[in-house]
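Colleague: What follows is each chain in one-letter form.
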Amino acid sequence: MTMMTQLEAIRCGLSEEMRRDSSVFIIGEDVGLYGGVFGLTGPIWKEFGDDRVMDTPISELTIVGAGVGAAMLGLRPVVEIMFMDFITLAMDPIVNQAAKLRYMTGGKVKVPMVIRMLSGGGLSVSAQHSQSIEAWFAHIPGLKVVAPATAYDGKGLIKSAIRDDNTVIFIEHKLLYKTSDEVPDDDYTVPIGKADIKRVGKDISLITYSGMLPKALAAAHELSEEGIELEVIDLRTLRPLDSATIMESVRRTGKAIVLHEAPLSVGIGAEVSALIMEGAFDYLDAPVVRIAGKEVPSPYNDTLEAQIIPTVEQIVTAARKLRNGM
Amino acid sequence: MGKKSLSTEELVPLYKKMLEIRTLELLIKPLIREGLMRGFSHQSVGQEGVAVGVCSALSDRDYITSNHRGHGHVVAKGADLKRVMAELLGRATGCCGGKGGSMHIADPSLGILGANGIVGAGMPIAVGAALAVKKQGLDSVVACFFGDGAANEGSFHESLNLAAVWRLPVLFICENNLYGMSGPAKKMLPIKDIAIRAKGYGMPGIIGDGNDIEEVHKLTAEAIARAKSGRGPSLLEFKTYRWFGHSVNDAEAYRTREEVEEWKKLCPIHRLRDKLLTRGITQETIEHVESEANAAVEEALEYAKSSPKPEPEAAFRDVYA
Chain C
1 MTMMTQLEAI RCGLSEEMRR DSSVFIIGED VGLYGGVFGL TGPIWKEFGD
51 DRVMDTPISE LTIVGAGVGA AMLGLRPVVE IMFMDFITLA MDPIVNQAAK
101 LRYMTGGKVK VPMVIRMLSG GGLSVSAQHS QSIEAWFAHI PGLKVVAPAT
151 AYDGKGLIKS AIRDDNTVIF IEHKLLYKTS DEVPDDDYTV PIGKADIKRV
201 GKDISLITYS GMLPKALAAA HELSEEGIEL EVIDLRTLRP LDSATIMESV
251 RRTGKAIVLH EAPLSVGIGA EVSALIMEGA FDYLDAPVVR IAGKEVPSPY
301 NDTLEAQIIP TVEQIVTAAR KLRNGM
Chain U
1 MGKKSLSTEE LVPLYKKMLE IRTLELLIKP LIREGLMRGF SHQSVGQEGV
51 AVGVCSALSD RDYITSNHRG HGHVVAKGAD LKRVMAELLG RATGCCGGKG
101 GSMHIADPSL GILGANGIVG AGMPIAVGAA LAVKKQGLDS VVACFFGDGA
151 ANEGSFHESL NLAAVWRLPV LFICENNLYG MSGPAKKMLP IKDIAIRAKG
201 YGMPGIIGDG NDIEEVHKLT AEAIARAKSG RGPSLLEFKT YRWFGHSVND
251 AEAYRTREEV EEWKKLCPIH RLRDKLLTRG ITQETIEHVE SEANAAVEEA
301 LEYAKSSPKP EPEAAFRDVY A
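Just so you know, the sequences run in chain order C and U.
FYI, our numbering numbers position 185 of the first sequence as 185, with every residue one higher than the one before it.
FYI, our numbering numbers position 108 of the second sequence as 108, with every residue one higher than the one before it.
Hints were generated in silico from the structure; no laboratory data involved.
Be aware that one or more of the hints could be misleading.
Unchecked claim - Just the calculated beta-carbon pair ranges, DEER-fashion:
#, chain 1, residue 1, chain 2, residue 2, range
1, C, D50, U, P30, 26 to 32 Å
2, U, E311, C, S224, 50 to 56 Å
3, U, S109, C, P141, 44 to 50 Å
4, C, M277, U, F40, 37 to 43 Å
5, C, S15, U, S59, 51 to 57 Å
As the list claims (entries may be wrong) - Which chain U residues stay away from chain C? Per the calculated CB distances, all over 10 Å, these:
#, residue
6, D107
7, K135
8, M181
9, G232
Yeah, the Cβ is synthetic: ideal placement off N, Cα and C, and Gly gets one too.
Isolated chain C (complex conformation) (with noise of 0.2 Å):
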């Protein structure tokens, strides 16, 4: 086991990938000699150069699309988008073209893509360098849709999503990057599909994934000390989801929050609340809370982004409502 960052970790799956698979290779804006916006593909245009890593002109829209057109043709293209804001310039390729083509042609063609993309907020990059919107890709049957929240899980999904068949979304958070944990040096893979509980609690299940897990997990240190057991599931794949792990935990704990970092309305966390209602209903202690961010565009200065982006202390004052039954 290595100590790691996630990036380090995100960039030795990568690297290890594109050793194994002489298919794989990386294509996006500023990739190669600058090294990526936040250098994690630097040292991988280092080892394999201009072929395997491409950097392309300013075009989301044709570099997601030409990755389209080369995996019909059996590569593996790793696109990057930089931040995820940055997408809504390529969503044909993403939704009508790599999310159908496999149902279109019944079963003809495969899309074995992965495209890179940052979400979140909190380096007070604003309105158009900090959104979290996972949810529209989660929508779209024939994606699949991940977000790892840990350096292990890093790595060992995007090696999952590189060997995968399909169109993987792969959502990295920008303050996860200088996050560090314990690494395996030998070849291993994170299934796509399947959450995980990041630590284990009696009395309320805190459903979250991505950057929000690093504050589920202070929360619930904190609540520990007054008797409060949160169990934190980080859901790691947002499509398709893992109902069966949520659905375990809650008739356990009888009581749910979810928790993201994108804003409320329409969120993942009404997805997984709906889902609830649906599997666990006759188990729940109080109705399920959920924390998101705020119904606004990111703002600039940073007492005023820090409004928007759900806190520890919201966390933790919520699981001791629900606890008491308020």
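We have chain C; now place chain U onto it with these hints.
Modeller: Same frame as chain C, but now just chain U:
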């Protein structure tokens, strides 16, 4: 690599192919009336010279991407008439098992990377396929069919640029049929010739008569030779005309009957027929080819009609998340 010009004998099967496409597409309105076909369908009647002329210069190893008006492209690239017709009728034996329909016919084993319901969407896919061709060192080119309407999509400009900077083996084939749905090219484009846009992307922009199959073939073969020798993509603009409306429901208020009739005089099929007769192909041979084409389409229709519909459970296959 396709020869630059075809012998008279080589033109005969192309005559047949154009007839097959036209005969098939002329069945669409009746089939919709009879309730055998559903949904939207876009006919390419009048444009067969481009589809068959381009594909006659391609080899089995080459690829195409097509658009919403794609029946001609896919048949010209070798899609089986029976399976195409079965797909139009939504049958289990269709190219896509009845799940794609008129706008989504695809068969990668024949190099057909798909018709497409989204205007301009095939262009980035063609660029990616050409990237895969180059990376894998294949002896192939990708021909990307689109219309004058798609030349105003962002994907057109991004794709030409990327294909040019990477010198990819792509042929951008613009079928300028003068209308994007109801939008006349002369109102929607500030230029008469889309081909001049090639200059902005550092590639040759070539204009040809899309209703002259020999010219289409020759210009395509030259562009293929350029692409295969590593000199990169070309933009080929073929002037042509769609005889029918945008789709089967179109009152065609945006053009005159006279204009349509003028273009019908330039029918690519009749022009080739006249050439063949002038060059010594007998009337008998022509008639024989015509009856073969009719019989092939008739057989395809019978095949489609007698094919089973997909089982309801098929709705849930081929989707993975």
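Colleague: Taking the hints in turn, state whether each one holds.
Modeller: Now the hints, each set against the structure:
Taken as a hint, the range 26 to 32 Å is violated for the pair D50/C and P30/U, whose Cβ atoms sit roughly 55 Å apart. Checked against the hint of 50 to 56 Å, the C-beta distance between E311/U and S224/C comes to roughly 54 Å, which is consistent with it. Hint check: S109/U to P141/C, Cβ distance near 25 Å, so the stated range 44 to 50 Å is violated. Evaluation of the 37 to 43 Å hint for M277/C and F40/U yields a pass: the beta carbon distance comes to about 39 Å.
Taking 51 to 57 Å as the suggested C-beta distance range, the pair S15/C and S59/U does not conform, at roughly 38 Å. With a minimum CB-CB distance of about 6 Å to chain C, D107/U fails to clear the 10 Å threshold, and the non-interface call is violated. With a closest Cβ-Cβ approach of about 7 Å to chain C, K135/U is found to fall inside the 10 Å limit, against its non-interface label. With 10 Å as the threshold on Cβ separation, the claim that M181/U sits away from chain C holds: the shortest Cβ distance comes to roughly 18 Å.
Every CB of chain C is more than 10 Å from the CB of G232/U (nearest about 15 Å), matching its label as outside the interface.
Consistency with the previously given hints fails for numbers 1, 3, 5, 6, 7, ordered from lowest to highest.
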